[in-house]
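Position chain B against the provided structure of chain A, taking the given hints into account.
Residue numbers (the working numbering), protein chains in the order written: chain A, 423 to 654; chain B, 521 to 812.
Hint data in this document are derived by calculation from the structure and do not stem from the laboratory.
Everything numeric in this text was worked out from a predicted model, so none of it was measured.
Worth double-checking, as some hints may not be accurate.
[To be verified] Simulated crosslink set (DSSO-like; lysine-lysine; CA at most 30 angstroms straight-line):
hint, chain 1, residue 1, chain 2, residue 2
1, B, Lys735, A, Lys430
2, B, Lys670, A, Lys639
3, A, Lys644, B, Lys710
4, A, Lys649, B, Lys652
5, B, Lys652, B, Lys641
6, A, Lys644, B, Lys679
7, A, Lys651, B, Lys710
8, B, Lys710, A, Lys649
9, A, Lys644, A, Lys430
10, B, Lys572, B, Lys735
11, A, Lys430, B, Lys652
12, B, Lys641, A, Lys483
13, B, Lys710, A, Lys483
14, B, Lys641, A, Lys430
15, B, Lys735, B, Lys804
16, A, Lys577, B, Lys679
17, B, Lys679, A, Lys639
[As the list claims (entries may be wrong)] Which residues of chain B face chain A? A partial, calculated answer using Cβ under 7 angstroms:
hint, residue
18, Ser634
19, Leu635
20, Ser639
21, Ala653
22, Tyr667
23, Ile668
24, Gly696
25, Val697
26, Met707
27, Ala719
Idealized CB from N, CA, C, for every residue including glycine.
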Amino acid sequence: MRVIQNEKLRTVLSYLIPFVLIPAVVIGGIAVFRSRGYSYLIFAVSALTILLFVCGFDRRKTGTRRLVLVAAFVALASAGRAAFSFIPGVNPVTAVTILAAVYLGGEAGFMIGAFSALVSNIFAGQGVWTPFQMFAWGMIGLFAGIFAKYFEGRKLRLCVYAFFCGIFYSLIMDVWTTLWTYDAFNLPFYLASITSAVPYTAVYAVSNAAFVWLMAKPFSEKLGRIKLKYGI
Amino acid sequence: MTGFGSINPAAVFAYFLCVTVSGIFTLNPIISVISLAGALLLWAVLPVAKNKRTHIYPVLLTLFCAVGNPLFSHNGETVLLVINNNPITLQSTLYGLFIGIMLSAAVYWFSSFSLIVSSDKIIYTLGFISQKAALVLTMALRFVPLYIRKARQINGTQKALGLYKDETIITRFRGGVRVFSVLMTNMIEKTIITSDSMAARGYSGGKRSGYPLFKFTFKDAVFLAVTVFLTLLTAVPQAKGALDFNFYPHIDITFYGVSSVAAYTGYALLCLCPSVYEGSDRLKWHYLISRI
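With the rest of the complex left out, here is chain A (with noise of 0.2 angstroms):
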């Protein structure tokens, strides 16, 4: 969908976004919302960040049919939330992310966990949170395609990565509950919401693990032959 027709415009808005929007919304911010200075601060730069990944996405040169692998796995990711929300905590959307960005490359990684995000909370509800979910899950998938080749095939180095990302989402997304209710950081609440998430944190970690350790296999076999055969 084109929405914005004039060639030169386009090229003009690309450029500006990144290096003038971003500088003054972050610091036009700051200084209206001075006593939730960190909420409003991790906010922007979460949701601008994604929106950097997103301009850098759209002028770059992709595939088509690397663009169709992303927007299928991105949707592979969100049928799978949808279809092991039968467990509480469970969902493959890690996963899927650092298996996919370890063949597909950070890039690619990024885009998939943060629209897996996106798109999954269509169906199960957006919330503040959308922007701050949408960056921890690209982030996972930029390192995990950046060190893709000390991952590529080491099953046991992928599923201590999937483990140790379950720990980190949650940690972090208890900074974000931390900051957002108290903008500083509060010792005693965060130490009191990573506690009373203990029980959904290991959850998530172990079952993250678990599903790298069973698809890892599938994963590099069936996208190890599809990169050979036509050489995405």
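Positioned in the frame of chain A, the structure of chain B alone reads:
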């Protein structure tokens, strides 16, 4: 859609961004209450089927914050009672209560947002930033129901073959992963076919033409201008400190004359905008019917 839903999605997006950001990132209880009132009004006025259970979460959230905050934060000078040598203060309880109100307002705003902004509108707005991302989102949204249906078929086949066990949660999990793996094989093959047929039809070769689903009319421009104006009316005094509010050590609100009044009225009008829009449309409809 009629009323507020008929406004161009880009303007609606800008509106929700302005109203939630200025409501969420201020600690001023008056702003929080205005925000909650506006959000509730819009939620009530929207002519869509609504889930009554939406109310449970905000109420629990407010209670949790009001009860929970004094247990973690012992600031404030008015001590209500002492538990285990830790004072429970009035200021801290009120702080929790208003944080709860602020969060509840956000819940209602986002609930209305989900009712108004359907996935096609999200795609349209994303198209402003990136066509490719909008395309990925469109395809992903189409694939989700397709994959869920396919997964159900695979699940049935596995059951018929006697491979699928749902005795314990572990076997269900393993069965789920197997279905997932089969689904992936199926999906990757179809993905290649889809992308090849896209390329065959000329995708990514040469200049693209486009068709925006929604038109940006004068009415939308007016709505956008009003939103921006009211947001600035709130934000400019706010940057100068006209909405500053202290809970600790004692509750302290300062009025800065005109600038405070401007900020509060600006925000209240901003919150009322969509409800007025929706309400006036409803009234017009009502009078047209009675005349016929």
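Hints and how they fare:
| no. | hint | verdict |
| --- | --- | --- |
| 1 | B/Lys735 with A/Lys430 | holds, 21 angstroms |
| 2 | B/Lys670 with A/Lys639 | holds, 22 angstroms |
| 3 | A/Lys644 with B/Lys710 | holds, 13 angstroms |
| 4 | A/Lys649 with B/Lys652 | holds, 22 angstroms |
| 5 | B/Lys652 with B/Lys641 | holds, 16 angstroms |
| 6 | A/Lys644 with B/Lys679 | holds, 24 angstroms |
| 7 | A/Lys651 with B/Lys710 | holds, 14 angstroms |
| 8 | B/Lys710 with A/Lys649 | holds, 15 angstroms |
| 9 | A/Lys644 with A/Lys430 | violated, 41 angstroms |
| 10 | B/Lys572 with B/Lys735 | violated, 34 angstroms |
| 11 | A/Lys430 with B/Lys652 | holds, 18 angstroms |
| 12 | B/Lys641 with A/Lys483 | holds, 26 angstroms |
| 13 | B/Lys710 with A/Lys483 | holds, 22 angstroms |
| 14 | B/Lys641 with A/Lys430 | holds, 25 angstroms |
| 15 | B/Lys735 with B/Lys804 | holds, 23 angstroms |
| 16 | A/Lys577 with B/Lys679 | holds, 29 angstroms |
| 17 | B/Lys679 with A/Lys639 | holds, 23 angstroms |
| 18 | Ser634 | holds, 6 angstroms |
| 19 | Leu635 | violated, 11 angstroms |
| 20 | Ser639 | holds, 6 angstroms |
| 21 | Ala653 | holds, 5 angstroms |
| 22 | Tyr667 | holds, 4 angstroms |
| 23 | Ile668 | holds, 5 angstroms |
| 24 | Gly696 | holds, 6 angstroms |
| 25 | Val697 | holds, 5 angstroms |
| 26 | Met707 | holds, 5 angstroms |
| 27 | Ala719 | holds, 5 angstroms |
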